[in-house]
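Student: Work out the full structure, taking the sequences as your base and the hints as a guide.
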Amino acid sequence: MEYYLGIAQTIGIHALLGWSAYVLLLTGQLSLAQVGFFAIGAYVSAILTTMFGFHIVPALMVGALLGGFFAMLVGFPALRVKGLMLVVATIAFTQFVSLFFFNVHWRREVDGVMAGPDSTQGFREIRFYAANGWDTLDVTLFIWLFVLLVMVGLWWLDRSRAGAVLRAVGADDLAAQSSGINLTVAKVTAMTAGGVIAGLAGGLYAHSATYVDHLTFSVLLATFAIAYPIIGGIHNVLGTLAATIFIQGILIEGLRFLGDWRNILFGLLIILVMNLKPNGIMDARTMRAIKRIFAGGKTADSK
Amino acid sequence: MLKLENLSKHFGGVRAVDDLSIEVNRGEVFGLIGPNGSGKSTIVNLICGVYTPTAGSIRLLGNEISGLTPNRRLVAGVARTFQNIRLFDDMPVWKNLWVAQNSTEDANKHNLLRRWFGGAGSDRDEIDALLEFSGLGGRGGELAGSLAFGEQRRLELARAVAAKPQLLLLDEPAAGMNFDEIKDLAKRIKGLREQDMSIILVEHIMELVMGVTDRIAVLNFGGKIAEGTPDEIQKSSVVQEAYLGKPQDVA
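Note that the protein sequences, when read in sequence, are chains A and B.
Reminder that position 268 of the first sequence reads as 268 in the working numbering, one-by-one numbering, no gaps.
Reminder that position 157 of the second sequence reads as 157 in the working numbering, one-by-one numbering, no gaps.
Hints were generated in silico from the structure; no laboratory data involved.
The structure displayed is predicted, hence computed values, not measured ones.
You may find that some hints are simply not true.
These stretches of chain A come out as covered by chain B in the derived footprint (C-beta under 8 Å, 3 or more residues) [as the list claims (entries may be wrong)]:
# : segment
1 : 152 to 166
2 : 172 to 182
Derived SDA-like pairs: lysine to any residue, alpha-carbon spacing no greater than 25 Å straight-line [said to hold, decoys possible]:
#  : chain 1 : residue 1 : chain 2 : residue 2
3  : A       : Lys82     : B       : Val50
4  : B       : Lys164    : A       : Lys82
5  : B       : Lys164    : A       : Thr184
6  : B       : Lys164    : A       : Lys291
7  : A       : Lys277    : B       : Pro92
8  : B       : Lys109    : A       : Lys82
9  : A       : Lys82     : B       : Ile85
10 : A       : Lys82     : B       : Arg72
11 : B       : Lys164    : A       : Lys277
12 : B       : Lys3      : B       : Arg59
13 : A       : Lys291    : B       : Gly62
14 : B       : Lys164    : A       : Leu183
15 : A       : Lys277    : B       : Leu143
16 : A       : Lys82     : B       : Lys3
Note that CB positions come from ideal geometry on N, CA and C, so glycine has one too.
Tutor: What follows is the structure, encoded as structure tokens:
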């Protein structure tokens with residue numbers, strides 16, 4: 001049971017990370033900086049709970065807001081670059097954040113024990129859940145509460161004018177601008193919202209892992225973050241969740257029995273999905289099929 | 001209404017638009033014609049803010065607008081369509097119009113929270129009216145990218161009109177259309193003119209230009225070579241020379 005709950009936690013955190021990239025993809029921006037914001041959220045919220053005795057909820061909020069703040073700062077210069085150049089610029093940001101935490105040595109005595117980020121040794125004393133008697137099920141439910149909140153929030157966004165504007169910017173930014181949309185506001189808002197979600201995910205990650213170091217926040221993780229919405233498709237918010245379950249639940253955990261062969265199959269399956277479903281697993285066609293199944297169910301009930 | 005004064009746009013050594021002055025009156029359909037490369041599209045891009053002019057001024061209702069970004073110019077009252085259709089393909093038809101409702105009037109209709117995070121609600125009435133006007137009534141739920149070519153052109157025009165502009169720039173709106181579609185477009189342009197909208201029409205198809213415009217300016221090499229009513233332009237020898245060459249060249 002613990003094992004499955006652990007997978008559920010990973011899927012929840014990775015889905016949040018994927019959604020932080022999803023918001024940006026709506027505006028046509030491909031960002032590898034999400035892991036940088038994730039790292040900021042992780043370190044900041046862990047510092048607050050571990051070193052200053054904060055409750056986890058306000059600590060997560062501060063981490064998320066700081067993630068959003070730095071995302072906004074990155075958002076303005078990022079307006080000047082597009083496509084591949086944006087990818088390169090955002091990789092640089094993730095590397096910068098990772099190396100920053102590599103160098104942070106800041107420890108203080110808490111209840112007679114030294115705690116805090118210890119540069120190359122990482123940050124090892126994140127024990128909020130254990131110290132407050134939360135078991136694995138509590139933690140899993142806590143994480144999924146945020147997953148549901150963010151999912152409902154993004155679902156709502158997609159039905160609003162703000163969401164339509166983000167998609168319009170992603171579809172054709174010149175046409176959007178000529179239709180009266182302020183590109184700066186749209187892109188920086190998306191960046192900030194993505195930063196908030198990534199910061200939140202980072203805080204949740206740090207507390208369930210109880211240990212973070214700079215190596216966690218790698219370009220590989222950033223690649224995963226954009227892989228979820230790309231493989232899941234940006235047709236709607238469910239795609240990213242479906243892709244996270246597919247990759248983390250099935251490819252990474254489900255195929256563990258294959259040993260080293262897993263990596264080969266992993267790559268193969270991604271190529272297969274990209275070819276069979278170029279617009280993502282949850283593209284317009286899949287959604288129509290799902291709706292048909294549900295509509296079919298309804299008519300059967302009414303008989 | 002719109003006043004271009006000594007407007008120039010140079011790309012390196014190329015003088016795409018050179019020292020051009022044009023005035024368009026309220027409720028007027030103004031035609032811009034000229035051979036390929038004469039600067040028509042550059043003028044459209046200058047007026048709606050894709051390019052900044054090298055020199056000269058652009059005034060709308062007396063206000064200088066040449067320093068504004070395209071989105072600010074839309075709010076100031078300039079909307080456009082594109083020479084090659086640029087819709088939001090993966091979005092439903094009605095949302096293409098919804099995101100374009102950015103006039104000051106629309107922006108102030110609801111408070112910020114209601115405007116950005118509320119549903120379409122009362123905006124739908126206006127959108128449905130626009131769809132009806134465009135002959136796309138009842139098709140609002142389809143994806144813009146799945147419409148036929150002529151329907152996409154009509155949707156793009158509707159999107160520009162959704163912003164309630166004072167001045168509408170139509171960049172070759174009839175390109176690729178058949179005869180019936182052109183007649184239909186002419187009717188629509190006349191309808192917009194009756195709503196007191198000023199329209200600048202850039203077009204190669206003379207049946208359309210001569211049929212709907214009040215005045216025409218003829219461009220060649222970035223400058224204006226003639227201006228007048230459709231009748232005057234058709235009789236002008238300068239215009240015939242620009243399009244066909246001088247008679248002695250042929251001989």
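Student: All hints, please: hold or fail.
Tutor: To see whether the hints hold, each was checked on the structure:
1. 152 to 166: holds (count 8)
2. 172 to 182: holds (count 10)
3. A:Lys82 to B:Val50: holds, 18 Å
4. B:Lys164 to A:Lys82: violated, 31 Å
5. B:Lys164 to A:Thr184: OK: Lys164 (chain B) and Thr184 (chain A) at ~23 Å, within 25 Å.
6. B:Lys164 to A:Lys291: violated, 37 Å
7. A:Lys277 to B:Pro92: Given that 25 Å is the threshold and the Cα spacing comes to 21 Å, the pair holds.
8. B:Lys109 to A:Lys82: Violated: Lys109 (chain B) and Lys82 (chain A) sit about 34 Å apart, past 25 Å.
9. A:Lys82 to B:Ile85: Distance ~22 Å between Lys82 (chain A) and Ile85 (chain B) Cα, so the pair holds.
10. A:Lys82 to B:Arg72: The given pair, whose Cα atoms are some 22 Å apart, holds under the 25 Å limit.
11. B:Lys164 to A:Lys277: The given pair, whose Cα atoms are some 40 Å apart, is violated under the 25 Å limit.
12. B:Lys3 to B:Arg59: holds, 5 Å
13. A:Lys291 to B:Gly62: Roughly 54 Å between the alpha carbons, so the hint for Lys291 (chain A) and Gly62 (chain B) is violated.
14. B:Lys164 to A:Leu183: holds, 20 Å
15. A:Lys277 to B:Leu143: holds, 19 Å
16. A:Lys82 to B:Lys3: violated, 35 Å
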